[in-house]
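Q: So you can see what is in the structure, the chains are spelled out below.
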Amino acid sequence: MAVALDTSAAPPAKTAETMSISPGLRSASPVLILLGLGFLAPLITVAAYAFAAPKSFDVFRSFTLENFAAIFDPQNTVWTSFVWSLIFAFLTVVLLAVIAYPIAYGMNRMFGKWAGFVSVLFVFPLFVSENVRLYGWVLFFIKNGVLDGALKWLGFAGGPEVLYTPGAILFGMLYVYLPFMLFPMSLGIAMIPRDLVDAARDLGASRLMIWREVELPLAMPGILIGMLLTFVLGAGAVAESKILGGQSIITIAQDIEVAFTYAQNWPLGSALALILVAIVSGLALYVLSKLDLDRILGRR
Amino acid sequence: MNISRRNFMQVMGAAALAGPLGSAGRALAAGRDKELNILCWEGYNSAQVLDPFRADKGATVKAESLTNDPTMINRLRAGETKIWDLINVNNPWARKIMAPAGLIKPLPKDEFEPFFDTMLPEFKAPYRWAMSDDGKDLLGMAQRFGPYSFVVNTDKISRATAEEQGWNLFNDASLAGKYGIQESDDWNVFNIFMIAGINPFKTHTEDEFKLFSETAEKVFKGAKMIGDIATMNQALVSGEIDFQMTGGTYSVSPARADGYLNLRAITPLKGPIDGKGGISWIEITSTVNNPNLSPLATDFLKYVQAPDVAHTVAFAEGTFNPVAQMGNKKCFDLFTKDELDAIQWDSLEEEMARSAEYDIVPDYDKALELMTAAKRLRG
Numbered sequence: 028m029a030v031a032l033d034t035s036a037a038p039p040a041k042t043a044e045t046m047s048i049s050p051g052l053r054s055a056s057p058v059l060i061l062l063g064l065g066f067l068a069p070l071i072t073v074a075a076y077a078f079a080a081p082k083s084f085d086v087f088r089s090f091t092l093e094n095f096a097a098i099f100d101p102q103n104t105v106w107t108s109f110v111w112s113l114i115f116a117f118l119t120v121v122l123l124a125v126i127a128y129p130i131a132y133g134m135n136r137m138f139g140k141w142a143g144f145v146s147v148l149f150v151f152p153l154f155v156s157e158n159v160r161l162y163g164w165v166l167f168f169i170k171n172g173v174l175d176g177a178l179k180w181l182g183f184a185g186g187p188e189v190l191y192t193p194g195a196i197l198f199g200m201l202y203v204y205l206p207f208m209l210f211p212m213s214l215g216i217a218m219i220p221r222d223l224v225d226a227a228r229d230l231g232a233s234r235l236m237i238w239r240e241v242e243l244p245l246a247m248p249g250i251l252i253g254m255l256l257t258f259v260l261g262a263g264a265v266a267e268s269k270i271l272g273g274q275s276i277i278t279i280a281q282d283i284e285v286a287f288t289y290a291q292n293w294p295l296g297s298a299l300a301l302i303l304v305a306i307v308s309g310l311a312l313y314v315l316s317k318l319d320l321d322r323i324l325g326r327r
Numbered sequence: 265m266n267i268s269r270r271n272f273m274q275v276m277g278a279a280a281l282a283g284p285l286g287s288a289g290r291a292l293a294a295g296r297d298k299e300l301n302i303l304c305w306e307g308y309n310s311a312q313v314l315d316p317f318r319a320d321k322g323a324t325v326k327a328e329s330l331t332n333d334p335t336m337i338n339r340l341r342a343g344e345t346k347i348w349d350l351i352n353v354n355n356p357w358a359r360k361i362m363a364p365a366g367l368i369k370p371l372p373k374d375e376f377e378p379f380f381d382t383m384l385p386e387f388k389a390p391y392r393w394a395m396s397d398d399g400k401d402l403l404g405m406a407q408r409f410g411p412y413s414f415v416v417n418t419d420k421i422s423r424a425t426a427e428e429q430g431w432n433l434f435n436d437a438s439l440a441g442k443y444g445i446q447e448s449d450d451w452n453v454f455n456i457f458m459i460a461g462i463n464p465f466k467t468h469t470e471d472e473f474k475l476f477s478e479t480a481e482k483v484f485k486g487a488k489m490i491g492d493i494a495t496m497n498q499a500l501v502s503g504e505i506d507f508q509m510t511g512g513t514y515s516v517s518p519a520r521a522d523g524y525l526n527l528r529a530i531t532p533l534k535g536p537i538d539g540k541g542g543i544s545w546i547e548i549t550s551t552v553n554n555p556n557l558s559p560l561a562t563d564f565l566k567y568v569q570a571p572d573v574a575h576t577v578a579f580a581e582g583t584f585n586p587v588a589q590m591g592n593k594k595c596f597d598l599f600t601k602d603e604l605d606a607i608q609w610d611s612l613e614e615e616m617a618r619s620a621e622y623d624i625v626p627d628y629d630k631a632l633e634l635m636t637a638a639k640r641l642r643g
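From first to last, the protein sequence lines stand for chains A and B.
Following the working numbering, the residues of the first sequence are numbered contiguously, the last one being 327.
Following the working numbering, the residues of the second sequence are numbered contiguously, the last one being 643.
The following block holds chain A by itself, in its conformation from the complex (with noise of 0.2 angstroms):
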C-alpha cells in the first residue's frame, strides 16, 4: 500500500505486473473488496436463490424457474401484495412532497437562525428505532391511549378509531420517511441561487410563476432525489402495516418474510424478492429517463 501511494519513490523498471494495476485502483482495492463483499455478495446470493429448487437450499447448485412460474401461476394472490406496497409507496411519495415543500422551503428562506433548530428536530427521532417509534403512536392512538384518554377527559366522546385500518398504515409511512424526503427536498431548495428569483421578480413575475418557472425546476434534482429514496423505502416497508396497522392490508415485505421464517421457502422469498428489486428500480429508471435532468438542471 505504501508502493501504491509513494508513485514518485518507485524505480523507473516496472514489471509488467505492476504496469497493468493502477496506483488508484490498488488504493481503492480494499474498498472494493468491501463494497464486493458487503453489497454485491448479498445481492448475487438472493439472485442465485431465486433460482434454486423450491424449499430446498440448493443455491448455486440447481437452477429452475419454478419460483417464478409459481408466482405468476394465476391462482396465486401476491400480486396483490405487491400492488398494495407500490400504491402504499405511490401515495407516501406523493403526500411527502406536498406536506416536507413547505418546511424545506421554510428552512431555506423562512425559520433563519431557528432552521438548525427545525432541522434537529426532524433529525431527532431517527436516532430512535423505527419499531419503538410506532409503538408510541399505538399508545398515542388505541383505545383509552393518549388521545382517547385525553379526549374523554375533556369530556368528548372519545377519539376516532383509526388503529389497525389502512390509514394508520399511511400516516405511519408519512411519519417515518418524512425525513427522507425533507432532506434532499431542502437541500434542492438550498441551490436555487436568491440572484435569479430577484431577477425573475424584477422583470415582473408573479409568485407564482416564480415558483413555477425558477424555483421548482432548480429545486428538482434534490426533490426527484427525496422522492426517489422515498418510494424505494416505502415500496419495501412492513413495521407500518405491521404495527399500526394490525396486518390490515399485506405487503410484499411481509410476504417475503413469511417466505424466509414460517414457510421455510428461501427460494420463494429470494425470488418475490428480486422481483420487487427490479419493479421498484425499473419504475425508478423508467421515471428518471422520461425526465429530462438536462432541462430540470437548467443546462439547456
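Derived from the structure by calculation, the hints contain no laboratory data.
These figures come from a predicted structure and were not determined experimentally.
Don't take every hint at face value.
[To be verified] One-sided and incomplete, this derived list gives chain B residues near chain A with beta-carbon spacing under 10 angstroms: (1) S329; (2) N332; (3) P334; (4) I337; (5) A342; (6) K346; (7) S448; (8) N452; (9) K488; (10) A494; (11) G503; (12) T562; (13) G643.
Where is the CB? At the ideal position from N, CA and C, for every residue including glycine.
Following the hints, complete the assembly by docking chain B onto the known chain A.
A: Same frame as chain A, now just chain B:
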C-alpha cells in the same frame, strides 16, 4: 510498529486481517471448551440465565433467540450445525425431524435420565418427546411447557363460556371485530383447523382443505388486528379486543404478572383432536450434531436443571412459563403466589390434560399457502 500517514492503510489492513484470523487461530488451538452457542426461544438468551453460567465457566456463551421452530430447524439444515451447540425447539421436532435428519445427537442416558425423575409426573422417563422414535436414544431435555390455544378477557367473556364454546367463539359472526390474531403463522394453521372442527395433525382431504380455506378467510376477515404478543396483550388490556388467538400461558403471563388477572388463557373443554380441544407445547433442548461440539453443551443442560436456575428460566424476561422441574419441591417452593397466578398454576394440570401435544402437520405447506392467501383478502 510506527504508524505514519504513508503506512496507515497498510497497518489498518493488516489489523483488519489479523484480528479475526488471530482470534480464530486461538479458538482452534484451544478447542471449544470455553465457547457455547445456543439457538433458542427467548428466555434462554437472557442475562439472568446466562451470566451465572458464563461467570462459573469463564466461557463465551452466545444465544440467539428466534420465535418460530421452522426457522431454527432450517438454520441447521442450511449448514449451521457447525455453529450451534444447543437447539431449543418445541416437542415434535427432535424426535420426528431433527434426529432422523441427523441434525442432533443423543445425550448420555445415564447422566440425563435421572433428571426426569424429579420432574412433574407427566415427564417421568422415558418421556416420549425426549426419546427417539425407537425409544432407544435420549434426544433432549424438557423444561418449559404450557397450554396454548386462546386468551380471553374474562370481564367480557367468562371462563366457563369460553371453555364451553371453545373455538366456536371465532365462528360467531356477532364477535367479528372483537378478536385479534397473534402472528405465529404455524400455530394459526393449527387454530384454523380447530375452528373448522378438523384435527390439524393428520393428512387432510380436499374437502377439509376447502373448509380450512373458507374458515381462514372468515376468521382473518373478522380479526380486528394481527400482531405480536405485545400488541395482543396491549389490545386486551385497553379493551380494543375481547379475545385473541393463538394465546396461552406463554403469551398472557406477562400481562397477568402485571396484575391483569382478568386476562386468562383458555383451553376448550372439547375439540377435534380425539376429543381434545386445546394444543400444548413442550420445549425439548438437544445437542446439535456439531462436528466440534462444545463440551459446555451438556454442562449447560445440567445447569438449567438446578431448582434455582429452572425458576429463573421460568421467569426469564419476555414470557413466563411453567417448567417441568416444578415437580421438585425445592424448585416449586421458589415460586411466589403471584408467579403461580401469572402462569395459571391453579388450572395448569387440567388444561394440559385437555390439550393435545403440538405435532407436525403433514400438509403444513399447503395449509400455510391457503392461510396466507386468506390473509391477503383482509385488504
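Q: Tell me the numbers of any earlier hints that the structure contravenes, in ascending order.
A: 1, 6, 12
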